[in-house]
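J.: These protein sequence lines map, in sequence, to chains A and B.
Mapping the first sequence onto this note's numbering, position 102 (from 1) lands on 102, and the numbers just tick up by one.
Mapping the second sequence onto this note's numbering, position 222 (from 1) lands on 222, and the numbers just tick up by one.
Among these hints, one or two may not hold up.
[As the list claims (entries may be wrong)] Within a straight-line C-alpha distance of at most 25 Å, the following computed SDA-like cross-link-like pairs (lysine to any residue) qualify: (1) B:Lys125 to A:Ala113; (2) B:Lys125 to A:Asp93; (3) B:Lys125 to A:Gly45; (4) B:Lys125 to A:Tyr74; (5) B:Lys125 to A:Arg67; (6) B:Lys125 to A:Ser139; (7) B:Lys125 to A:Thr133; (8) A:Lys247 to A:Ser257; (9) B:Lys125 to B:Glu199; (10) B:Lys125 to A:Asn44; (11) B:Lys125 to A:Pro76.
Hints are computed from structural coordinates only; laboratory data are not their basis.
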Amino acid sequence: MQTAGAQAAVEAVGLVKRYGRTTAVDGLDLTVERGSVTAVLGPNGAGKTTTIEACEGYRRPDAGRLRVLGLDPYTPAGAAALRPRIGVMLQSDGVYPGVRALEMLRHLAALHAHPLDVDALAERLGLASCGRTPYRRLSGGQRQRLALALAVVGRPELVFLDEPTAGLDPQARHATWELVRELRADGVTTVLTTHFMDEAEELADDVAIIDTGRVIARGTPAELCRGGAADTLRFGGPPALDLTSLKAALPAGADVSEPSPGAYRVTGEIDPRLLATVTAWCAQHGVLPDRITTRRHTLEDVFLELTGKELRS
Amino acid sequence: MTTDSAATGNTGRTRDTGAAGDAGDTARPGTFTPRPAAAPLPRMIAAQAALETRMLLRHGEQLLLTVVIPTLLLVLFSTVEIVDTGDGARVDFLTPGVLALAVVSTAFTGQAIATGFERRYGVLKRLGASPLPRWGLLCGKTCAVLVTLALQTVLLTGTAWALDWSPHGNPLAPAALMLLGAAAFSGLGLLMAGTLRAEATLAAANLVFILLLLGGGVIVPLENFPGAVRTVLELLPVSALSTGLREVLQDGAAMPWAQAGILAVWSVLSLGAAARFFRWE
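Sequences are here, hints too, so could you generate the full structure?
T.: Structure (structure tokens):
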């Protein structure tokens, strides 16, 4: 999309980062196109934050190649050239406890040559009313919104948002989404991590699912949902129907089973034709389904399928 | 510079301007169009210095340490004979000691505690991703210490004059000693803040402040300690500073090179160790 700068915003190849004997990132490949919104998903401990912090220049990769806006973020020269061009929202606070909200925002603005209008930005993120409140007395949501404002105030080309909506109320969440959409419309590249699948579906052009330090799936949200396990159609009816003829009528790749007596499940690509096949079969056999539901797979289903359901540390 | 052309290339992108009206005041086209560049270095450092100074002065407990305690000690011990300060007016003995204490309170205790908590709250990490270089951050801290120290000096010498203080010597010598002392104590404070947990720094910095106040020749003359202890105490940076200041301001001596040398050694060691061991996260 960008005319200038042919290279990707982030290019990681075979990235490895170890902490002692733990390997947090284990041969990760990730490309972030300029001007896109990329969501990095993964269970706790999957290596999301380590990856992002390597891009921000905080972590020196143990192996692999990493370029951010064409620069190596860990060399002194690369980091110095990169820092003015990126915006960073960390999971930790990163703000003086005694500083006032607007004072901190003005300070970050003063470190940049062409910052955004601080008052307008504060107004837009609902920070104007608490602008004189010391940071330690801000609510969790206000702190989150201030951190977001700090990330964008310098008019960066590339923004890293580490769990930008964790702990936000729905209003603030939608305001954050609106801001990310606008960043994208204005040509800013955004990389965000999140645990909210709907957030990734809403915002992301590209999703990378990370587990145990590697990218295990990637694509647009729609591609990932298509590529995942089959969708399902369920219907209820008399128990122990003979399903042989229905199986024969279904298209290739689809199947039907009776997981519990009287509850039938059809898996496969559920489209209107398949629904018609099922209802036609019911009509032929004098079966009135007492309820028919169809369900497309969400990103969350795909995510759980790929990363398993057991709890992570 | 190169990024500007990319930015202008972007402003022409199709936008749904119809939605702009209801999305807020700043939601006009191109608000966020990238235009990244660091501010000029002097402006960044000035902004950092101003912020660091405000943070240091705004902190209530810090003011107790930097202003209230030294002033109270000066007034109390000058007007009431609690400690035998030797020959001469008590205020002439106490003022150099209290000036040395001011250096400890700001460059060491205040800076260590503030920096320790900044490290703990990720401020240092956050600013590490900003255009401000790390040495710029340290410049800001140094400026904040010097400004605070200048304000303390004005307040304490003003108070001393009100108590009939009669200083001697060339004022450049004490100024140089205090700067050396500030360097040595900044190194020690940053070493502590950059290696210990914030709570440990808080406790240790206050404890060291009290110990140096009692054993560093600030209000109790070192002559009052037994010989062996005294020899050790004289090598402490605060003792070197208070003794050096006293030699000039009380006795009218020229630059006390022995004390200046002790402070210089402490500065090199402490700043070197801080540079080596400071952890930003």
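J.: It remains to establish, for every hint, whether it holds in the given structure.
T.: Hints, one by one, checked against the model:
1. Annotation: proposed proximity of Lys125 of chain B to Ala113 of chain A holds, straight-line Cα distance about 21 Å (limit 25 Å).
2. For a cut-off of 25 Å, the pair hint linking Lys125 of chain B to Asp93 of chain A stands: about 10 Å separates their Cα positions.
3. Taking the CA atoms of Lys125 of chain B and Gly45 of chain A, the gap is about 21 Å. The hint holds against a cut of 25 Å.
4. With a C-alpha separation of about 14 Å, the suggested pair Lys125 of chain B and Tyr74 of chain A falls inside the 25 Å cut-off, and the hint holds.
5. Between Lys125 of chain B and Arg67 of chain A the CA atoms are separated by roughly 21 Å; this keeps the pair inside 25 Å, and the hint holds.
6. Between Lys125 of chain B and Ser139 of chain A, the direct Cα distance comes to roughly 22 Å. Compliance with the 25 Å bound is thereby established for this hinted pair.
7. This hinted pair checks out: Lys125 of chain B and Thr133 of chain A have alpha carbons roughly 23 Å apart, not beyond 25 Å.
8. For a cut-off of 25 Å, the pair hint linking Lys247 of chain A to Ser257 of chain A stands: about 9 Å separates their Cα positions.
9. Between Lys125 of chain B and Glu199 of chain B, the direct Cα distance comes to roughly 18 Å. Compliance with the 25 Å bound is thereby established for this hinted pair.
10. Restraint check for Lys125 of chain B and Asn44 of chain A: satisfied, since their Cα atoms lie roughly 22 Å apart, inside the 25 Å limit.
11. At roughly 16 Å between alpha-carbon atoms, Lys125 of chain B and Pro76 of chain A fall within 25 Å of each other, so this suggested pair holds.
Checked against the numbered hints given earlier, the structure satisfies every one of them.
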